Amino acid sequence: MNTYLNEVNSGFFYLLVAAVLTFITLMCVVFLVKSYKAGIEIGMDKQVLKKAIVSSATFTLLPSISILLGVIALSGTLGVPFSWLRLSVIGALQYELNVAEIAAQSMGLPSLRLDLLNTEYFVTIALVMTFGILGGVFCCIFFLKKYLGKMQAKPKKAETENTESKPGFGAYATTAMFVGLCASYIGSYIGKVFAPGDGDWMPLVVAAIAGLCMAVFEYFTQKKNMKVLDNFSLAASMLIAMAMAVVIQLVI
Amino acid sequence: MKDKQIFMEEFSSKLHRLGRITLVLSVIFLVALPFVVGALFGVSPDFKAFLSGFAKVGVIYIPVAIVEFLVYTPMLGVGGSYLSFITGNVTNMKIPCVMNSKEIAGTVDGTPEHEIISTISVATSAIVTTLVIAVGVVLMVPLQPVLQNPVLLPAFNNVVPALFGALGLKYFMKSPQIAVLPLALMTSLYILVPSLISQTSLMLLPSGALALGIGFFLFKKGKLK
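Chains as they are written, first to last, in numbering that gives the first Met the number 0: chain Y, 0 to 251; chain C, 0 to 224.
The following block holds chain Y by itself, in its conformation from the complex (with noise of 0.2 Å):
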């Protein structure tokens, strides 16, 4: 291994690193404990909010695996300590290579090579990783109290005139925005098997499989009433969808 892998996989990183990702989720911690009491105090049902805990903790799971192979990757050239830090806060998995080449090439490097860092170039470019995500956390701790609190204000008027009226259009929107996200997605994939040259088209099947996979959840929870297989249906959609690609692969 040489000097630069040694430094940038030293203990001490790993003991700053672990010391930084505990306070942060101490912090999640604490948010968790104080919104599930505040639900009891509201008067919500435990049995939803520990379905909504056993729901977020299974749908993450596999998420989570694709993101420790992030990690993987990333610590061949940055080193497992800093890898793990990054991908574990604030980061994600599509951002962060980007982020590493454009912070490699602006010192002057082809790109980020093994071969060609040093720590110093190390250290600057985990600066600029670092800073070029914080905008994001900026806007939080600067605006969201009172953009929160203007974005409330005008259901909350709604809901004292006639608590029994129709929701209003907030209450369609994040479902509306997060169509226009699948939208986006879904079209990539098709575009990428039209894409120059060797169209890509393993996108597409493995989403169309995953598609499918939640039509047939879908019917058993709508139509069966087998609510149960809610908590299990995105996760299980998306292992079968993915253990489908390897065997495509295999096969072709």
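It should be emphasised that the hints constitute simulated quantities derived from the structure, not laboratory data. Here the structure is a predicted model, which is why all the values come from computation and not from measurement. Keep in mind that a hint or two might mislead.
Heads up, simulated DSSO-like pairs for lysine-lysine below, C-alpha to C-alpha not over 27 Å straight-line [said to hold, decoys possible]: (1) Y:Lys149 - C:Lys220; (2) Y:Lys222 - Y:Lys50; (3) Y:Lys149 - C:Lys47; (4) C:Lys13 - Y:Lys45; (5) C:Lys173 - Y:Lys50; (6) Y:Lys145 - C:Lys222; (7) C:Lys222 - Y:Lys222; (8) Y:Lys49 - C:Lys219; (9) Y:Lys33 - Y:Lys49; (10) C:Lys173 - Y:Lys223.
Chain C: place on chain Y using the hints.
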């Protein structure tokens, strides 16, 4: 029990204070880390290169961060927003996770119940992710050959299509009249301008705005159930 609305206002106020303090501390820790590591090995960041790199990264990610803040925080609520923006993976994990919990719990946006469910959902998701990655890091050395086995590569390369395929079916079935136009338009754009495929994270914004506009139009016409 106090009046629900007053209780929630006090609760939100406490979450804002706690969220701000913990986010400021987190930022200090995160920014300090490269300097501490540099000091340990006798190097410091190249500030000229930092400014150059930050300018390029900032042009892409600061507007995205602002738009994500404006669009997603109403879905996430107070606690969910603070936690989501410090723990990351907002679009690909936290938002779908909240939508999933919302669906299961049957809560409506903007209500105290949704605020509670959203925060619980994001906190649980963040804790699980941190634990999975921490365990994975500990096991990384023996696990690496298995996880990096090329046979499994197609599965993990396609985790995002698997996610959006399943969610897409669910949401398109829910609101087909909203979905048709954004899906047709986005698909046409990606086919006609293939370079946009690598900009999917930016294209989410016009697609979402279009769906939002169609949803609003249909809502005004009374055609949304």
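*Which of the numbered hints are not met once you compare them with the structure shown?*
Violated hints: 3, 6 and 8; rest satisfied.
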